[in-house]
Amino acid sequence: MARLSPPDLVLLQIESMPMTAYSRYIGRRFLLLLITVFISMTVVFFVPRMVPGEPMTAIFANMASVGGSVNAQAMIAEYRARFGLDEPLWIQYISFWRELLRGNMGISISNFPAPVSQLLLRALPWTIGLLTITTILSWLLGSVVGAAIGWRGRKAGAFRFIVPIALLLYTTPYYILALILIFLFAFIWPIFPLSGAYAVGSRPGFTVDFILDVLHHAMLPALSILLVSLGWWFLSMRSLIIALKGEDYILNAEAMGLREQRIMWGYAFRNALLPQATGFAIAMGHIVGGALITEVIFAYPGVGYQVYNGIKSLDYPLIQGGVLMIILSVALANFAIDIAYPLIDPRIRYAGSGGK
Amino acid sequence: MAVVPLQEQLTQGRHGLLWDLLRNRSFTVGAIVFLTMLLVSLIAGRFIPPELKMAGSFPPRQPPLQGTLLGTTALGQSVAIQLTEAIPNSILIGLIAATVGTVLGALIGFTAGYFGGWIDAVLRMLIDVFLSVPSLLFLILISALMRSVNVVTLAVIIGAFAWPSPARQVRAQVLSLKERGFVQLALLSGMGGMEIVVRELIPHMAQWLGANFVNAFIAAVLAESGLSIIGLGPQRQMTLGMMIYWALSYSAIFQNLWWWWMAPVVTLIVLFMALYLIHIGLDEVSNPRLRIL
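These protein sequence lines map, in sequence, to chains A and B. If you count by the working numbering, then the first sequence holds residues 361 to 716, one letter each, in order. If you count by the working numbering, then the second sequence holds residues 27 to 319, one letter each, in order.
Bound-form chain A, shown alone:
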């Protein structure tokens, strides 16, 4: 990980750290995590139930399509009872928390009788696969190129044309870029498929064919996310490096006669890595929910797409489970940053009321 000062200094800092203050700070951040999850889940529980609509219509429509809709009203009432929807709201709310704390997310209404946890676990690898790879790749590439261009400044010559391109990429929303990519590579020059995660009818498994098929399908959604976030990492690394160039220790290193490459990567880049790594951790937290619109546009069967379908069909348990998953990943990533930051950056004072 990134370091701000030589290792011995960091150690010194940790040793001299009053552990009670640090654990109090961690306790506060953990409480915040719990409150975040609690408030989000409460909102997600009540808001869908306050709007008019009948979640059972999905089941009803399914039954009608196979021809069995003799006594629809009675059937719907029966199903409502099975999902506990005939109980008063506050009893539903309490039993929702009771079940959730036992690890039970309930049964999906629109995909009856599949458990929500099963639907989400099936969706999770697609989302994580798509976003982990694009996030890591764009972060690495953007940081390195951003540092190189930022360091050279006006001397970067022809490479300075990257700056306006990065700006253009960064200001373009990723779903707009997705449309342009669909136009270019699924219509004008149709080399990539338009939607889905693998060809219809192919058997999922660890075969070479299937993996190639998956990569082929992931190309356009991945590119749309990659290019946009690449622009952002590039721009932020570049401005960090430019800001660091005037620092005393850089001048000192220059005065010592160190090679420029060494100063750039060993001194400037390394110090810029800390804020850049924080951004990376935040981005990792947004992996589960970050590409919702992309997943919808490409009908990519990830968590975001599941949640979107759940919202569309008023599938309360699926909405709750999906949102919980997304909120948890964001909150846990934030918590991890909160734990790690005072250890990495000695300048942060975590004790007392002077926190964030």
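It is possible that part of the hints are untrue.
[Claimed, not checked] Cβ-Cβ distance ranges computed for the label pairs, FRET-style:
id : chain 1 : residue 1 : chain 2 : residue 2 : range
1  : B       : S277      : A       : I571      : 22 to 32 Å
2  : A       : T567      : B       : A81       : 41 to 51 Å
3  : B       : F73       : A       : L572      : 55 to 65 Å
4  : B       : G143      : A       : S383      : 23 to 33 Å
5  : A       : E607      : B       : A147      : 33 to 43 Å
[Unchecked claim] One side of the interface only, derived from the structure: several residues of chain B facing chain A at Cβ under 8 Å:
id : residue
6  : D154
7  : V155
8  : S158
9  : V159
10 : L163
11 : I166
12 : A170
13 : L248
14 : I255
15 : F280
16 : W287
17 : V291
18 : L294
19 : F298
Quick caveat, the hints were computed from the structure, so don't treat them as lab data. Heads up, the beta-carbon is just placed ideally off N, CA and C, and yes, glycines get one too.
Chain A is fixed; fit chain B onto it per the hints.
Just chain B, lined up with the frame of chain A:
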């Protein structure tokens, strides 16, 4: 006594700020592009007879420059006429949402920073909670469940989720300003709480609030287009996002009606670039050490 020169300094500073902004290349280019888009579409929109705005007013699927400026949709609407409606609506959403978010955030931040104690503790916790929640998720949830939104309700919903970051910044500013000499002096000279906020604190934060407003504006237009594209926008009104939505739902990409979907896409990108340049300009002027471009 020290209040008088400070006041002078302030007005001087504000005068200089406008001058600095007009001399800033990023800001002027962004502002000119933004205002041109807005004014042209507003003025053109006034002169277009309403009967030309309906479906079937033009022959369908016409490419640009063959009868109409930017071509027509599959339903026989002129893309250019749709743009004159969509651009002001999208900008209106940004304006309302940014105003709601900034005002709400400033109020909450002021309250937290000014009163302190348990009020601050509760509000700070709320700010932290809402900062860490991905707002797009809740925007999708709420606008999907509302079934039909219009431009104004959508803008208010977006704005209702835009308050945490201004609230946090305003709170921090108030905390630091509270300890400064001129506020203490104002307190001693018998100014009331509200008067101090209006006459001493707000002028100090105006510049920062402006930059934040542009930020919230960008985020709101972004949220609108994202929500609209997946079908959660104002179905009966035209925004840039809704234009893309309709084009996609008639599969304009694969029917090779490129002018239909490209017009709003290019407009959106230009709008974002203009807003971003304004944002960069504001940043550069208020913090001269930052030279992003």
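Per-residue hint verdict: B:L294, partner chain A, C-beta under 8 Å: Result: holds, 6 Å to nearest chain A Cβ.
Taking the CB of B:S277 and the CB of A:I571, does the distance hold inside 22 to 32 Å? The hint (22 to 32 Å, Cβ to Cβ) holds, given that B:S277 and A:I571 are roughly 30 Å apart.
Would you check whether B:F298 satisfies its interface hint, that is, whether its CB is within less than 8 Å of any CB in chain A? 4 Å, holds
Given B:F280 as an interface hint, is the shortest Cβ-Cβ distance to chain A below 8 Å? B:F280 check passes; min Cβ-Cβ to chain A is 6 Å, inside 8 Å.
Restraint check, 8 Å cut-off on beta carbons, for B:I255 near chain A: 6 Å, holds
Chain A contact restraint on B:L248 - CB to CB distance below 8 Å: Given a least distance of 6 Å, the restraint on B:L248 holds.
B:A147 and A:E607 - C-beta distance against the hinted 33 to 43 Å: 37 Å, holds
Okay, B:G143 versus A:S383 on CB: inside 23 to 33 Å? 25 Å, holds
Going by Cβ atoms only, is B:V155 closer than 8 Å to chain A? 5 Å, holds
So, B:D154 near chain A? Judge it on the closest CB pair being under 8 Å. 6 Å, holds
Residue hint B:S158, partner chain A, criterion CB-CB below 8 Å: B:S158 check passes; min Cβ-Cβ to chain A is 5 Å, inside 8 Å.
Less than 8 Å between beta-carbons is the criterion; does B:A170 satisfy it with respect to chain A? Nearest chain A Cβ about 4 Å off; hint holds.
In summary, this structure violates none of the numbered hints.
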